[in-house]
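Asks: Chains as they are written, first to last, in our numbering: chain A, 1 to 291; chain B, 1 to 189.
Keep in mind the hints are simulated off the structure, nothing from the lab. Check each hint, because a few of them may be wrong.
List time: in silico EDC-like cross-link candidates among lysine to aspartate or glutamate, alpha-carbon distance up to 16 Å [as the list claims (entries may be wrong)]: (1) A:K186 <-> A:E169; (2) A:K31 <-> B:E36; (3) A:K245 <-> B:E58; (4) A:K64 <-> A:E28; (5) B:K32 <-> A:D261; (6) B:K32 <-> A:D111; (7) A:K291 <-> A:D110; (8) A:K112 <-> A:E288; (9) B:K32 <-> A:E288.
Listed next, the stretches of chain B that the computed footprint assigns to chain A, with coverage defined by at least 3 CB atoms under 8 Å from CB atoms of chain A [stated by the list, open to error]: (10) 16-23; (11) 51-64.
Residues on chain B that point at chain A, a partial pick, calculated with CB under 7 Å [to be verified]: (12) Q9; (13) S117; (14) A119; (15) N173; (16) T177.
Quantities reported herein were computed from a predicted structural model and do not represent experimental measurements. Ideal Cβ positions, reconstructed from N, Cα and C, are used throughout, including at glycine.
So you can see what is in the structure, the chains are spelled out below.
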Amino acid sequence: MKNERFELNKNLAQMLKGGVIMDVTTPEQAKIAEAAGACAVMALERIPADIRAAGGVSRMSDPKMIKGIQNAVTIPVMAKCRIGHFAEAQILQAIEIDYIDESEVLSPADDKYHIDKTVFRVPFVCGARDLGEALRRINEGAAMIRTKGEPGTGDVVQAVRHMRIMQSEIRRFGSMSADELYEAAKELAVPYDLAVYVHENKKLPVVNFAAGGVATPADAALMMQLGAEGVFVGSGIFKSGNPEKRAAAIVKAVTNYEDADMLAELSEDLGEAMVGINEHEIELIMEERGK
Amino acid sequence: MKIGILALQGAFAEHEKMLGGLGAETFEIRQKRDIETAFDGLIIPGGESTVQGKLLAELGLTERIKALIKGGLPVFGTCAGLLLLAKRIENDEHVYLGTMDITAVRNAYGRQLGSFSAAAEFGDMGEVPMTFIRAPYISGAGDGVEIMSRVGGRIVAARQNNMLVTAFHPELNDNKTVHSAFLDMVRAS
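Please build the complete structure, drawing on both the sequences and the hints.
Replies: Written out as structure tokens, the structure is:
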């Protein structure tokens, strides 16, 4: 039964592929996102850019606020809990959330252990910076992976770095001999059977999205060309001048990510992009949370 | 035999793999120019119907694909694909392609916690495994529609002439029965 649930949860992520998951803070924003073509929304009280600006401890959103968003749209609704905070996850499961993001964007509740996601019936997505983190999260029961990137910055550099590292390690695993694979699994501190899966299939055992700092159609196309199966856009949409137009353009860019002519057209006249902060200007490094 | 797979959003790669395993040639449809040359069958995959429906319209594909289906092009829709083909959706004001005389209920089993797997007869082709992900079902079908499968009394697979739909996802299992049946439809057309 437990295994069957994991399969169904992995399958839902497969249905999200080629799509854009958008951060929303109100039912109105959720409706805008759905109308613009989001394949799911992430309900949260504050988008990462504002969490960064506000400082302090950042926690799971008010369930009432999440329910408001669940009632506003027909597409899947995700919500974040703190790393290791299984009680927050239990609450999100109780309100029948479609996906839980055990997220480094919020303040970690546990500096050692992640949530044992295998005991939950709802699916989890987790962030990862490399193949080791991804496989450790999958071993704990994550049914979907996303790059961590650096949330709320509007700077795509970390997401690119994480996706490149992951893809390069997947290629390396793919070409290993059996004896090398034992050692590689040990080095990354991941279970041998997951290492074998990557070796044989040359991909992660679950769907892999890009997240963190995606702000333009070009950013989304870049991540797709680097091997992402879909894109999360957090602060990039509702921190920009024209959210409706930008959201719709990013959705189309993810579908036709290799067509430069169409990308050129989609990138025109989108109004102001989120201002963003550069890597060396940030004080709080969220990607360091949870390993 | 060349099968086009609508690749705007969703689980299109899984259909490609399934058809590849059955020896059929496939190609992805992402925009208008992809359907300028002739092809023999069309698959509309699972995903979000709102996303696929919107992209169909905005990429200028809706009318062309509708005309092809009305002209007899064999089409197979799974989950979201079923919703795109349905003439009526009970709990959604949208009609997308609207070529098949069925009424569908969207997210009919609720949220992800309502997703399930089952096994049931598919036409006279024996029992097949069925994966339902935030699935719809068919609540009403016109006279020309053949009911292929029921689960818990609900219609979950149906055929009308050149159109085949399943509320479940045969592309997620190893069982090739449903895809083989579709390829037979393509061969016979």
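Asks: Run every hint past the structure and note whether it holds.
Replies: Taking the hints in turn, this is what the structure says about them:
| no. | hint | result |
| --- | --- | --- |
| 1 | A:K186 <-> A:E169 | holds (14 Å) |
| 2 | A:K31 <-> B:E36 | violated (34 Å) |
| 3 | A:K245 <-> B:E58 | holds (13 Å) |
| 4 | A:K64 <-> A:E28 | holds (15 Å) |
| 5 | B:K32 <-> A:D261 | holds (14 Å) |
| 6 | B:K32 <-> A:D111 | violated (51 Å) |
| 7 | A:K291 <-> A:D110 | holds (11 Å) |
| 8 | A:K112 <-> A:E288 | holds (13 Å) |
| 9 | B:K32 <-> A:E288 | violated (44 Å) |
| 10 | 16-23 | violated (count 0) |
| 11 | 51-64 | holds (count 5) |
| 12 | Q9 | holds (4 Å) |
| 13 | S117 | holds (6 Å) |
| 14 | A119 | violated (12 Å) |
| 15 | N173 | violated (10 Å) |
| 16 | T177 | violated (19 Å) |
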